[in-house]
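Chain E is already provided as a structure; the job is to place chain F on it using the hints.
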Amino acid sequence: MPEVNVYQRMFEREREARKQAEELLETMSLELYDAYSQLKKSSDEVFAIFRSVTDGIVTFNQTGTIESLNPAIERIFGYSENVLKGQDIRVLLPQNKLDFELDDEFWVDRCSEAQPKFATQGINAHGQIFDMELSASKSSQAGKDFYVWVIRNTSQIRNVERKMAVSQRLEAIGQLAAGLSHEINTPIQYVHENVKFLRDAFKATEEVLVRVEREFSSAGSYPTPGFEESFRQICSETQWDFFRKEIPIALYETLYGSKRVTSIVQAIRDFAHPGASEMSSLDLNKAITSAVTLAANHWRTLGEIVTDLDRSLPNITCHVSEINQVILNLLINACDAIAEARAANPDRLGKIVFRTWQEGNMAKLSITDSGVGIKRENLERIFTLFFTTKAVGKGTGQGLAIAHSIVVERHNGNIDVVSQLGEGATFIVSLPIQPLGDVPPGDVVPSGGSE
Amino acid sequence: MKGIVFTEFVEFVETKYGLSMVDQIMDRCQLKSRGAYTSVATYDVQELLALVVELSRQTDTPVSELVVEYGRHLFRFFARTRRSMFEHFSRCEQLLESIEDQIHVDVRKLYPDAELPTIRFERLSDVMSKVHYSSTRPLADLAEGLILECVVHFGEPMEVVRTDLPPGDGTLAEFLLSRSR
Chain E
1 MPEVNVYQRM FEREREARKQ AEELLETMSL ELYDAYSQLK KSSDEVFAIF
51 RSVTDGIVTF NQTGTIESLN PAIERIFGYS ENVLKGQDIR VLLPQNKLDF
101 ELDDEFWVDR CSEAQPKFAT QGINAHGQIF DMELSASKSS QAGKDFYVWV
151 IRNTSQIRNV ERKMAVSQRL EAIGQLAAGL SHEINTPIQY VHENVKFLRD
201 AFKATEEVLV RVEREFSSAG SYPTPGFEES FRQICSETQW DFFRKEIPIA
251 LYETLYGSKR VTSIVQAIRD FAHPGASEMS SLDLNKAITS AVTLAANHWR
301 TLGEIVTDLD RSLPNITCHV SEINQVILNL LINACDAIAE ARAANPDRLG
351 KIVFRTWQEG NMAKLSITDS GVGIKRENLE RIFTLFFTTK AVGKGTGQGL
401 AIAHSIVVER HNGNIDVVSQ LGEGATFIVS LPIQPLGDVP PGDVVPSGGS
451 E
Chain F
452 MKGIVFTEFV EFVETKYGLS MVDQIMDRCQ LKSRGAYTSV ATYDVQELLA
502 LVVELSRQTD TPVSELVVEY GRHLFRFFAR TRRSMFEHFS RCEQLLESIE
552 DQIHVDVRKL YPDAELPTIR FERLSDVMSK VHYSSTRPLA DLAEGLILEC
602 VVHFGEPMEV VRTDLPPGDG TLAEFLLSRS R
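Which chain is which? The protein sequence lines are E and F, in order. Counting in my numbering, the first sequence runs from 1 upward without gaps. Counting in my numbering, the second sequence runs from 452 upward without gaps.
Calculated directly from the structure, the hints in this document are not laboratory data. Hints are not guaranteed to be accurate.
Cβ-Cβ distance ranges computed for the label pairs, FRET-style [stated by the list, open to error]:
1. Q481/F x L25/E: 41 to 47 Å
2. D145/E x L561/F: 23 to 29 Å
3. Y7/E x E610/F: 53 to 59 Å
4. E551/F x F130/E: 46 to 52 Å
5. Q481/F x K138/E: 41 to 47 Å
6. Q545/F x D145/E: 20 to 26 Å
7. V46/E x V556/F: 20 to 26 Å
8. T532/F x G78/E: 52 to 58 Å
9. E3/E x Q481/F: 15 to 21 Å
10. E45/E x S631/F: 32 to 38 Å
11. E359/E x E551/F: 44 to 50 Å
12. R51/E x E465/F: 54 to 60 Å
13. R588/F x Q87/E: 45 to 51 Å
As the structure is a prediction and not an experimental result, all values here were calculated from the model. For every residue, glycine included, the Cβ atom is placed at its ideal position computed from N, Cα and C.
Okay, chain E solo, but in the shape it has when bound (with noise of 0.2 Å):
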């Protein structure tokens, strides 16, 4: 049995222990309520920055349950945040968006750090479908999985695109204003002097007949012995045979001239048109033809245009109005880029030549110009919008941006260049011959073409 003053000294060792217990609780609990503020202060933080934000956030469990979602969404979707909460997902997609499920599969493509966003489309609380962007992640808390989707409304800024790509088509025939001026000046001015001179042939036709006419009158209802000689008189003195050669070829000419005006009038119809939002079929040989009508006096001086089309290309199905100012931006490009280099060296010959083949399910176009060409660091960026090596006031850097778009956003293509500087460039272009997903089984010739 111990002794009392064990137990004494025990007893003191344990008030001591108490003691230091307690000060370190006291001390414990400051630092707990500051950490508590400083967390506090975080989280409202956070949270005033998921209300503020103008991006959707919604986040759900792994069997698709809502838990959570910021104003945006309400504004997105069209939904209050009580209705949502709770609910499936998926009420969020159209119908043809539901192709999946909400398993590990479908989690690790969408999740992946290589496809961190994708474009899809959504369905709001009116039935009425949008494009949106779709960054999706998964979380973990508290040993459960979660999932976050950031969702942002893109229809409006593809209708922003969408004019912006207009207004550069406009831009692209502005730039060819002057030329097409005087494009279709020249046929008119010599439409209008044949149809004067058709004006004066008729009065002389006119005087022919009507002494011919005078003649029969006098004479009855047969020619006198020496009508002969009086018609050869009048026609001399009216120059008829002049007029009688001179007369088909100013028909002939004030034809061709009217249907070159009409076939310009068509080019700039066709480039200039917003174009309609569905597909539809475009001849690309006939589509090239048309640029280079169109941008004829932009070219004509720099040089030649030569053409090497393979007739056999069948018609590609895509926005005809977009591939149209794809071929003029390209065009023009090419002529700039001769300029520049004409302009320091103005012996040099300027040649652009456009080159179709088909290489298996692909349309494939090609324009070569014996410019400038493009430096090896300038390669990668000239497809970036407002990137140009242009002169100020000579380009806004949105010819090929806006061509790289559509070819290859819009339309699943591929648009290459390849370029040695100073000897000129060749920009290849590569379009489904059908949108993609529209190729029926079988039907796919693999790249390379055939053998």
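Relative to chain E, chain F alone:
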């Protein structure tokens, strides 16, 4: 070192040798803390070493033997008081494997200033594994006691062979665990 190691050591000595022994070793060690330990505070590890050496002297038992024994006691204490944590493990290796990446992580959440040893677990085969102990403190004996009691806790026959690594002062050691086939 966390106070819980001290309070449990006092408990260990009192259970095994009686309250008088606790009083005696504390009196002789002239501790800065005067032996007033609370589990949530932090104390100098030298106090624990002084207490063990004094206990060894008083009981005429080798220090290493005492520390191993205390390690076993400490494991039983954890198993008794941290039941929910132990429920996650059904095998000895599972627990040992989780020390560095799970248990120590949780300890640091509660005590950011905790100075913990590094426990590296390596599975050599279906029946053999290795635990590498590394610490700034010479407490390989304590680790041995904890591992031995861990084997007992899961009730699986297993042989534990300890190898002290240079500098041989108990700061570095390897434990080879062999499961009986």
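Open item on the list: Name the hints, by number, that the structure is in violation of.
Closed with: 1, 3, 5, 10, 11, 13
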